[in-house]
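From the two separate chains plus the hints, produce the assembled complex.
Residue numbers (the working numbering), protein chains in the order written: chain B, 1 to 328; chain P, 1001 to 1438.
Just so you know, the hints here were simulated from the structure itself, not pulled from any lab data.
There's no promise every hint is true.
[Claimed, not checked] Cut-off 20 Å, straight-line C-alpha distance, at most; resulting in silico cross-link-like pairs (SDA-like, lysine to any residue):
id: 1; chain 1: P; residue 1: 1065; chain 2: B; residue 2: 271
id: 2; chain 1: P; residue 1: 1019; chain 2: B; residue 2: 52
id: 3; chain 1: P; residue 1: 1379; chain 2: B; residue 2: 109
id: 4; chain 1: P; residue 1: 1020; chain 2: B; residue 2: 196
id: 5; chain 1: P; residue 1: 1065; chain 2: B; residue 2: 196
id: 6; chain 1: P; residue 1: 1019; chain 2: B; residue 2: 292
id: 7; chain 1: P; residue 1: 1019; chain 2: B; residue 2: 54
id: 8; chain 1: B; residue 1: 292; chain 2: P; residue 2: 1219
id: 9; chain 1: P; residue 1: 1379; chain 2: B; residue 2: 111
id: 10; chain 1: P; residue 1: 1394; chain 2: B; residue 2: 114
id: 11; chain 1: B; residue 1: 292; chain 2: P; residue 2: 1293
id: 12; chain 1: P; residue 1: 1415; chain 2: B; residue 2: 112
id: 13; chain 1: B; residue 1: 121; chain 2: P; residue 2: 1040
id: 14; chain 1: P; residue 1: 1065; chain 2: B; residue 2: 1
id: 15; chain 1: P; residue 1: 1065; chain 2: B; residue 2: 112
Letter by letter, the chains look like this.
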Amino acid sequence: MNLWISLIAILILTLSALGITYSPLSFLLGAILPYAVFMIFVGGFTYRIVRWAGAPVPFRITTTCGQQTSLPWIRNNPLESPSGMAGVIGRMALEVFLFRSLFRNTDVAIVGQRPVYGSAKWLWFFGLLFHWSLLIIVLRHLRFFIEPIAPWINGLSAIDGFFEIGVPTLYLTDTAVLAGLTFLFLRRVVVPRLRYISLVTDYFAVLLLLGIVTTGLLMRHFVPADLVQVKNLALGWVTFAPAVPKGVGTVFYIHLYFVFTLLVWFPFSKLMHMGGVFLSPTRNLANDNRTKRHLNPWNAPVKVHTYEEYEDEFREKMKLAGLPVEKE
Amino acid sequence: MAAKARSHKAEKFVERLRKKLNRQMVGSLAGCVHCGMCTESCHYVLSNPDDPTYAPAHKADQIRKIFKRNIDWTGRVFPWWVHAEDIRTDEDLEKLKDIVFGKCTNCRRCSLNCPMGVDFATLNRMARGLLVSVGVMPEGVAAVSKDQWEVGNQMGVLPQDYIETIEWLSDELENEFKDPAARIPIDKVDAEIVYAINPREVKYDPRTISDAARIFYVAGENWTMPSEGWDMTNFGLFSGDDELGAAVAERVYEKVIELRGKKLVLSECGHGYRSTRCEGPNWSGNSVPFAIESSVLTMLRYIREGRIQVDKTRNKEAVTFHDSCNNARSCGFYEEPRELLNLLVTDFREMYPNRAENFCCTGGGGAMSMSEYTPERLKSGKIKADQLRATGAKTVVTSCHNCVDGLSDLIRHYKLGMKVTQLVNLTANALVIPEKAS
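Isolated chain P, as found in the complex (with noise of 0.2 Å):
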């Protein structure tokens, strides 16, 4: 039988699948052995018991599928054995479409129990960026590159915005502070520190960026704001494009190492702190020269060497803790800012399951930029409420800008009276300003 011809699209799709076959694709796309078990783990699936379209495991069948009917010849001489199936005309991309962006978080939860060491979310990631590179991809996630490509930054905030933002910040801070150098430097030269964060800072929350001043101001830090390069989101980890991850990441370091920082301190942002630390240097090609922390980590090691005081005592409310997908699963990041949130709040539960099982927020890493699952993103958050509700906390705490809207959006969906907050904005909260010695 002979292939029926396949749309241009669909061709340029199958003929990229043949290049992004690195060894993960590869194991993910050969290793699987149905056993169910990620099926259990997928917050689409408990929050929706009835619908099995959820289950990890089909989800990749549907991208195995064209694997095995191009690739792996078992697929191309015996389809109806392995189920292999071709991608073949737009309405397929469409459909895949739906179920690479519409039906998965990319959480990374289903990897932790596969006995083959399955990356369901690579997978699925990759995927995403052979649909993006034909043009298949849901309107916001369009609009949300467009952005970062054209403005620099994944929300559209133009230069000018942003360093008025700053300098109004800069103002208060000064006025709270009483000292002209209580300011916000932007683009110092050798700095010791360079403070990137994410555009939802500058547009919907610039508290966390006068809360970071504050702590960095009475530490007494070098520190400095680029003028460019700051946005250390990277939507190209979302939409699985790599261009788009190494122009991005190559705009921050590049910045940094003009300003000859010494080290970039990336703002609470898990997306952000897996793709600018842990994959920008893979995608942009280029070496690092400098080291790359988180701020939690930061505002740590202020602590500890004494350079801030906090009193917790100014923390009294319940809180609990949601670890992001990208800083946990993804980066090991998980006792750090227990560590510091421990010495912040004096009533801190643990919700469970928490650290590496830890439920997904729904954010995704920008899958709120897609208005049109936005029902079935709410709906597989039923399991992240229940979650939360048990733990009896008032304030949940998260590293991470998405989780934080992720966290609201449910919070409000399912009306459970709870308010989000960051790290950055509980130790300034907590922080002793010291009588100046004048």
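Same shape as in the complex, but just chain B (with noise of 0.2 Å):
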């Protein structure tokens, strides 16, 4: 159910794609939503960085995978249970740029009455090839929008097409986004325990990807789009001045839709673990309960008025009424 719905909302998104390119709104989606979308994307992003940031952190209450320090004879785990700012650093760059706790997940299985442990790496080996290519991706798109295309992104490029594959040649990158999200979209698909778990946005998320990344390949490979005045269009974009392109075809439209469905929809959603995961206070704090005092944020300083101050400031008053004052 929750995958038919998001399945019907890409294909209105692709029915509205459409809709725009061929009605006078193409001049909508080429000139003014780049800008809309840049900026809902970019303060939406912000704000939910911000907003998360802004809460307070009180407890240390970190996951320890391994020994904290303790008796100096007693090897301590900096990585798992890091007690200063450089485990905490390293813990945090393993897990971003390598997937650490995907990588430890294991695998069990009963077998008779023996639990038996095998190794589950795929998720960490699609998820960690799906997040690389994407990036090198993006990276590449950078050479629409400069001119000269920087030595670097040419470089990537050569790289990434290293194996010279066909003509155009095909880039590794697309071919192992491709297979990433087809993993990610069949393993959510297909086992029922994770099925299960799934809402809408899950299956939205991966769709939304996989259309990208198809029109994009159908662009690439099958019916190509004029790049010069794709090329034109981002640079319009990125100069303030905006020139709606003729004839780049309905795919680089469409393309272009998914993109700005994504970036819009990106602050709001899942998609935003990718500056959560920095802020993730089970791994981006030190497990150093005990050799730092920690406060709680929210434990104002309370405004007391003793009994003293009380009396003092009321002693006449008290004394005329008769009441008993314990100073003279």
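Structure below.
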């Protein structure tokens, strides 16, 4: 059911992209929307991160997968249970660049009465494949926005197309991203336990990305888009002189529309894990509960009016009223 | 569509939820990508493979949907898109109660594999706290909380019973060592060590106290047990009630300060170690001017410093070690018990998986007080029972009183024929009593 809802959503998006292409609204898509989208993306992203970063961090309840700093002769594990900043940075770096937690995952099957433990690295592998490929693809796309093209972008593209399969060269990351996404999608559909926890937005994210990748590949290998026009369009955005090109092709518009949808939706969806991963307190805090004192930020200083002060303030009046006072 | 009016309790629940949103909570509420890695790490799922409602991500979503509907704007504007759902009636609260109290032991195993670092156990604890604050909780939880609030310890041990137990343990000790000094000092001022225990020890298992006393005596330690504030367990950690957490922790700290103790030593209790050492100072909001350590560390120090001698050939049977979740995953207490164990026994076998990846004993630092969930709890222990059986050992050692009960329950239910013991018992058993040079 959730899958169908998101499929329908994708379909509606495609149709509306088509509608826009063949109507005067294409001016909107080419000239006005890019700025709106960019602002929503940057603004929304910043808003979310600022909100999260502003939330108080009271406790140090880190997850400690390794030995804490203890007696001097017991070896501690600085990465799994960091007691200082260096360890935390190491743990975060491994997490962000190599998805260490996913790598840790094990598979358990009960054979007879014995639990048998195997490795389950598929999600780690395809997840890593997908994320890195996407990053490289995004970086490669910078060539549309920069003139002259920076040498490192050309270098990146050259390495990516190293094997020179086909004309135009098939980029490795394109295949990788497709493989990664397909795995992520199939996994969600096929594994019953996973299907159970999947929400509309989970399918939607994967399907939208698949849509973007598919249209991108179509343009490169099957229905070539006019790259000069595309580049002019992109440069037009950057130089604040957007000009709507003629005849770039329907596929390009669908691609563009999908990307815009992704960017607008991004700050308000689970895709914000891109920024959120850095803010996870179970990972980015050191396990130093007792070596340092951590205060609850909301333990605001309480204004106390003690009895002594009270009596000092009202002593004369109390005496007049015949109330007993402690000090004369 | 105007939101239907909530019941008073539900209203309070949502109101207080807004105040609980610290970074840990926000991260856990917003960070989940539904990758499903937590599913495979939960002992409830592994023991009930056909029931997907046990998946941590699903359980968390039951809390998340309330957050989304009320606080997250996408959920308020497009509830159908992000599966946001409000909590309205008292029945909704009851349903949530069965999830947060009955379907999770807060063992935190799922956080390890989470690529986003979502801390479901802490989120679950927060939800428990909110429910407790509106009086929705299993009867057992209410009873234990009441005891800890009013009597001062979670098992309702009365002060005179506590003192009497310590007295007769002292008498026995005196007889054993034929030394009038071999007593358990109560409320001794300026002691090096103030020893706080789990009330379970006084009530059901006093030999753990006398074993500890034996070790302290032989080590020649200047120690004492407090007459009040001796319960270092903290039901606030289990029920999510930070107020209770603060009150209980404060009671322990105040007594140590009053006695001018140099160091607070906690007997082997994972729950108490975490709540008193790691989180108590935060709940109470006061600083703690003395060191706190686990008795495991104390015993290990004594042996290493030569203050006591142990003879490991007295513990010859095969033993395996169970890591308590609060000690291990939440405090990083892994190698200390193993170092000690290797000095105490001849045949130590690791269970698999161990350390951070160890499975929960199903005790969950208080889960056994909720008898209505016992059948599900015992069923969820199947993976643990299989894990225990596979070691081939007949004794399982653990450093947590709650795990002792949890494991004993599982061993009985799954007919494993094992016994559970603690490091203090093994140490006392291996302890070489020096000849008195008189």
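Subject >> Hints that the structure is at odds with (numbers, increasing) >> reply: The structure conflicts with hints 4, 6, 8, 15, although it agrees with all the remaining ones.
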